[in-house]
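Residue strings, one per chain:
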Amino acid sequence: MSTLAMSTLAMSPLATTAFDGMLAVLIAWTAWQSVTSREVFRAVMLFVVFGLLLALAWLRLGAPDVALAEAAVGAGLTGVLFLESLGHLRRNKTVEPPETVAQSRLRRWAVGLPVVVAGGLLAMVALRLEPRVPGIAGLVVRHQGETGVSNPVTAVLLDFRSTDTLLEVVVLLLAVIATYGLVPHGPAHHGPRVRPPATPRPPRQPVLVWFVRRLAPLALLVGVYLWWVGSSAPGGAFQAAAVVAAVFALLRVSGMEAAPPPNARPMRLLMVAGSVAFVSQGLAMLAAGRVFLDLPETVAYGLIVSLEGVLAASLAACLIALVAGAPRPPRQSGERP
Amino acid sequence: MMFILLGAVLFALGLYGAFARRNVVLKLVAVNIASSGVFLVVVSVAPPLPDGGTDPLPQALVLTGIVISVAVTAFGLALARRLGADEGRATLDDEEETS
Amino acid sequence: MSLAPLLIPWAAALALALPLLAGAACFVVGGRAAATLALGVAVLSSAAGIVLTAGVEADGVQRLALAGWAPPLGIVWRIDGLAALAVALTGLIFAAVLVHAEKSLDLLRGEGLSEAFRPLALVLLGGLNALYMANDVFNLYVTLELVTLAAVGMVALAGDPAAALRYLLVGVLGALAYMLGCGLLYAAFGTLDLDLLAGRVEPGGTASAALALMIVGVMAKGALFPLHGWLPPAHGSAVAPASALLSGVVAKGGFYVLLRLWLDVYPATGAAPAAAQILGVLGTLAVLWGSLQAIRQTRLKVLLAYSTVAQLGYLMVSLPLIASAAGHASGLAGALHLMASHACAKAAMFLTAGSLIATRGHDRLADLKGAAHDHPMTAFTLGLAGMTLMGLPPSGGFIAKWLLLDASLRSGQWWWAAVILGGSLLAGVYVFLAVSWSMSRPPGEPSDAQPPPLPRRLEFAALALALVAMALGFVSAEHIP
Numbered sequence: 001m002s003t004l005a006m007s008t009l010a011m012s013p014l015a016t017t018a019f020d021g022m023l024a025v026l027i028a029w030t031a032w033q034s035v036t037s038r039e040v041f042r043a044v045m046l047f048v049v050f051g052l053l054l055a056l057a058w059l060r061l062g063a064p065d066v067a068l069a070e071a072a073v074g075a076g077l078t079g080v081l082f083l084e085s086l087g088h089l090r091r092n093k094t095v096e097p098p099e100t101v102a103q104s105r106l107r108r109w110a111v112g113l114p115v116v117v118a119g120g121l122l123a124m125v126a127l128r129l130e131p132r133v134p135g136i137a138g139l140v141v142r143h144q145g146e147t148g149v150s151n152p153v154t155a156v157l158l159d160f161r162s163t164d165t166l167l168e169v170v171v172l173l174l175a176v177i178a179t180y181g182l183v184p185h186g187p188a189h190h191g192p193r194v195r196p197p198a199t200p201r202p203p204r205q206p207v208l209v210w211f212v213r214r215l216a217p218l219a220l221l222v223g224v225y226l227w228w229v230g231s232s233a234p235g236g237a238f239q240a241a242a243v244v245a246a247v248f249a250l251l252r253v254s255g256m257e258a259a260p261p262p263n264a265r266p267m268r269l270l271m272v273a274g275s276v277a278f279v280s281q282g283l284a285m286l287a288a289g290r291v292f293l294d295l296p297e298t299v300a301y302g303l304i305v306s307l308e309g310v311l312a313a314s315l316a317a318c319l320i321a322l323v324a325g326a327p328r329p330p331r332q333s334g335e336r337p
Numbered sequence: 338m339m340f341i342l343l344g345a346v347l348f349a350l351g352l353y354g355a356f357a358r359r360n361v362v363l364k365l366v367a368v369n370i371a372s373s374g375v376f377l378v379v380v381s382v383a384p385p386l387p388d389g390g391t392d393p394l395p396q397a398l399v400l401t402g403i404v405i406s407v408a409v410t411a412f413g414l415a416l417a418r419r420l421g422a423d424e425g426r427a428t429l430d431d432e433e434e435t436s
Numbered sequence: 437m438s439l440a441p442l443l444i445p446w447a448a449a450l451a452l453a454l455p456l457l458a459g460a461a462c463f464v465v466g467g468r469a470a471a472t473l474a475l476g477v478a479v480l481s482s483a484a485g486i487v488l489t490a491g492v493e494a495d496g497v498q499r500l501a502l503a504g505w506a507p508p509l510g511i512v513w514r515i516d517g518l519a520a521l522a523v524a525l526t527g528l529i530f531a532a533v534l535v536h537a538e539k540s541l542d543l544l545r546g547e548g549l550s551e552a553f554r555p556l557a558l559v560l561l562g563g564l565n566a567l568y569m570a571n572d573v574f575n576l577y578v579t580l581e582l583v584t585l586a587a588v589g590m591v592a593l594a595g596d597p598a599a600a601l602r603y604l605l606v607g608v609l610g611a612l613a614y615m616l617g618c619g620l621l622y623a624a625f626g627t628l629d630l631d632l633l634a635g636r637v638e639p640g641g642t643a644s645a646a647l648a649l650m651i652v653g654v655m656a657k658g659a660l661f662p663l664h665g666w667l668p669p670a671h672g673s674a675v676a677p678a679s680a681l682l683s684g685v686v687a688k689g690g691f692y693v694l695l696r697l698w699l700d701v702y703p704a705t706g707a708a709p710a711a712a713q714i715l716g717v718l719g720t721l722a723v724l725w726g727s728l729q730a731i732r733q734t735r736l737k738v739l740l741a742y743s744t745v746a747q748l749g750y751l752m753v754s755l756p757l758i759a760s761a762a763g764h765a766s767g768l769a770g771a772l773h774l775m776a777s778h779a780c781a782k783a784a785m786f787l788t789a790g791s792l793i794a795t796r797g798h799d800r801l802a803d804l805k806g807a808a809h810d811h812p813m814t815a816f817t818l819g820l821a822g823m824t825l826m827g828l829p830p831s832g833g834f835i836a837k838w839l840l841l842d843a844s845l846r847s848g849q850w851w852w853a854a855v856i857l858g859g860s861l862l863a864g865v866y867v868f869l870a871v872s873w874s875m876s877r878p879p880g881e882p883s884d885a886q887p888p889p890l891p892r893r894l895e896f897a898a899l900a901l902a903l904v905a906m907a908l909g910f911v912s913a914e915h916i917p
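Read top to bottom, the protein sequences are chains V, S and E.
Residue numbering for the first sequence follows our numbering, starting at 1 and increasing by one per position.
Residue numbering for the second sequence follows our numbering, starting at 338 and increasing by one per position.
Residue numbering for the third sequence follows our numbering, starting at 437 and increasing by one per position.
Simulated from the structure, these hints should not be mistaken for lab results.
Backbone N, C-alpha and C fix where the C-beta goes; we use that ideal spot for every residue, glycine too.
Hints should not be assumed to be uniformly reliable.
To be verified - If you only want the chain E side, here are some residues facing chain V, beta carbon under 10 Å, derived:
#1 Pro-445
#2 Ala-503
#3 Gly-562
#4 Gly-665
To be verified - Every beta carbon over 12 Å from chain V, so not counted as near; a handful from chain E, in silico:
#5 Asp-495
#6 Arg-554
#7 Thr-642
#8 Lys-805
#9 Gly-848
Let the sequences and hints guide you as you build the complete structure.
See the structure below:
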């Protein structure tokens with residue numbers, strides 16, 4: 001468990017309850033502000049703050065893996081995705097369109113009331129829940145030795161329930177495939193030509209560029225560390241990929257085009273590498289006379305660490321592609337590159 | 338217990354935003370907040386382990402959920418861009434929803 | 437000596453792995469090789485389904501512990517007759533649609549569109565196969581998300597981005613409700629495995645709330661009334677081969693999961709009879725509303741999309757029959773027959789719409805006059821598949837409705853029989869509308885001008901599916917457990 005989580009656990013019960021309460025109120029308030037904001041930019045900024053606070057809550061819940069993912073993804077990558085798409089919306093599209101007082105009042109009640117009822121019912125059911133049969137944590141501990149990894153969450157994700165994880169890696173690849181499918185194809189396209197307006201690149205900011213240039217290698221190192229440490233401590237392929245992709249996004253924001261063209265074949269190969277490696281490993285086990293996706297105890301550790309390495313690089317490529325968005329349609333001959 | 342309540346509140350807030358907001362980006366922000374609420378409930382409703390730790394299974398489920406939610410959000414935003422480029426709008430209007 | 441222990445693990449794993457690997461390959465390379473690969477994999481996937489069906493026939497339900505871990509720690513695939521048949525039929529429909537799409541999409545939009553369609557279709561196929569075999573409520577969630585995202589990507593391929601976005605948002609919210617249900621079930625009963633849950637779930641607030649959340653979630657994803665609003669614009673605006681996959685196959689994904697929960701877990705909550713009646717009433721409304729809307733439409737694809745809403749309604753009407761002791765067997769067989777025959781028939785009809793769009797550039801019913809004269813095989817296909825929608829003998833739809841009628845009379849719930857008969861009459865009206873336009877002569881003198889050319893393979897792909905829908909009428913109900 002991370003040192004931060006340990007230190008918060010050491011607080012007195014009263015202090016922790018007070019801290020948790022304040023944290024919960026603060027998170028709910030940020031969410032409220034974000035959801036009711038009429039300006040998209042403000043809502044997105046509040047969402048990033050929300051994500052960071054939520055990462056603290058995950059630490060308090062004793063889920064440091066989730067906390068890392070939340071910080072890297074919820075606050076970092078998702079926020080970057082939102083900001084990136086804001087740059088593509090015209091100025092008048094970044095505020096909620098105005099409506100009459102009657103409309104907004106109707107909306108507030110017609111949506112608000114059922115939603116409050118739904119939330120209330122959920123809280124009631126969840127708070128009154130009586131566990132009948134204990135979960136599988138005991139089994140995880142008992143069999144964890146056979147997976148070679150000492151982080152129980154990694155053991156669940158990459159061994160016990162690796163089918164879920166395989167499909168989840170495919171979902172991320174699929175998001176890229178679907179996004180690239182949005183680009184009109186070939187010269188014979190008749191529909192409205194989708195040419196995203198040239199993103200207004202922010203002017204190069206010397207301080208930011210200086211900062212990002214020095215941050216980038218460091219962050220890459222953090223990514224590698226997160227991958228390596230994932231087997232025994234909080235971390236893993238996805239968190240590592242998110243950190244790398246977030247650095248890429250920073251490079252974009254600072255006005256540096258650091259990416260290879262996302263449409264290039266090597267990039268696409270890297271993007272599919274994770275899914276292909278995962279599936280192939282599963283099939284290889286079947287061919288070796290074992291079960292699909294099985295990890296024999298003797299080689300489990302090596303396979304998990306190497307698979308996570310491929311996954312980290314591949315997931316990072318997918319996330320970078322998603323941040324960069326759909327590639328531009330093929331250029332017309334008259335245009336200058 | 339605190340975090341179960343928080344999860345339910347976030348779920349309700351996110352649902353509200355997803356239905357009441359018309360701007361697509363705002364809808365997607367709200368959906369992400371609702372997801373966070375669901376994730377909080379899933380982890381904190383599971384009974385704590387005898388040693389006071391947190392059950393690893395719901396954590397793994399939530400990590401999977403987070404990845405899926407990023408993928409869906411990213412594609413949703415790509416669609417929002419396309420909507421803006423094709424039709425010059427950033428909203429899903431109610432009138433169409435009923436027709 | 438049975439081959440099942442050897443063949444079944446391979447067939448099951450390849451049903452997932454081949455489409456995923458081929459989808460990845462088609463994302464990197466395109467062209468003729470990719471087209472051949474995609475078609476070959478769809479055929480192989482169907483073949484895997486046939487192997488699974490044979491294995492289940494010989495040795496009964498198979499359980500495969502994935503990664504070598506048994507539940508509750510790990511995940512199993514459960515391959516029963518329903519799952520095996522679904523794999524076989526889905527591969528077949530994908531093969532026909534891919535044959536059609538390679539030609540029709542390029543006629544429609546020039547080269548690249550079929551290149552973008554291929555990887556989406558293949559990942560969708562892999563996701564569906566995983567969905568059919570899944571036996572773990574959270575594994576079902578992941579496969580449902582995979583299927584939904586691929587389906588939304590298909591709608592967005594050349595369709596309306598607003599329709600795609602609405603589909604995406606409804607799908608995400610449905611997934612959230614579903615995931616909440618999973619979390620509650622695990623916290624209370626310590627497992628996510630359907631078989632284990634069936635033994636552990638006790639009646640009470642937690643189980644009822646969890647199941648209600650999950651059912652609402654899959655109803656949103658499966659466009660089951662009243663959460664169907666996103667379907668007509670999405671299926672009506674997508675390119676026709678995509679609509680064929682969405683309306684034919686993907687639309688049943690939600691009900692498929694609902695059925696799994698219904699058969700395994702729901703009886704243990706003790707709330708099934710009441711919930712069944714509610715779902716049956718909603719299904720009735722879906723049949724009425726979807727059919728009446730379909731009758732009002734002026735475009736073929738939108739008409740077909742509303743008809744899907746109505747046909748999904750029948751599936752919901754089958755739930756109160758399945759929940760009754762006397763009607764269980766024939767109700768279940770009827771629902772499965774309906775799913776299978778509607779999948780083929782509706783895919784065939786969307787493909788004919790795609791053929792007509794490929795030659796005429798539109799699908800406005802009023803302007804389809806003379807289509808039957810120009811393309812008799814396409815018009816014949818439309819009529820043949822329409823017979824299944826109406827439930828006329830000897831189609832698969834007829835057997836399905838016969839079984840459902842039988843179930844409602846056996847269980848003494850005659851009012852559901854009235855719904856099924858009334859819905860068939862309404863279906864007759866909208867199928868007649870769809871077909872009659874193409875039958876009518878264009879105004880003025882018959883011209884000597886050559887009809888716009890229609891590649892043979894487009895017509896054959898659709899006809900093959902319509903014939904399968906018809907042939908399902910000859911498959912006896914005993915083969916579908």
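Checked hints:
A least Cβ separation of about 6 Å between Pro-445 (chain E) and chain V falls short of the 10 Å threshold, and the interface hint therefore holds. A cut of 10 Å between beta carbons decides the hint on Ala-503 (chain E): the least distance to chain V is about 4 Å, and the hint holds. Hint status for Gly-562 (chain E): holds, given a least beta-carbon distance of 7 Å to chain V, under 10 Å. Interface hint status for Gly-665 (chain E): violated, as the beta-carbon distance to the closest one in chain V is roughly 16 Å, over 10 Å.
Interface exclusion of Asp-495 (chain E) from chain V stands, the closest Cβ pair being 17 Å apart, more than 12 Å. Its beta-carbon lying about 10 Å from the closest one in chain V, Arg-554 (chain E) breaks the requirement of being farther than 12 Å from that chain. With a closest Cβ-Cβ approach of about 5 Å to chain V, Thr-642 (chain E) is found to fall inside the 12 Å limit, against its non-interface label. Listed as outside the interface, Lys-805 (chain E) is consistent with that label: its C-beta sits roughly 24 Å from the nearest C-beta of chain V, beyond the 12 Å cut-off.
Taking the minimum C-beta to C-beta distance to chain V, about 34 Å, the non-interface status of Gly-848 (chain E) holds against the 12 Å cut.
Going down the numbered hints, you'll see the structure goes against 4, 6, 7, while the others check out.
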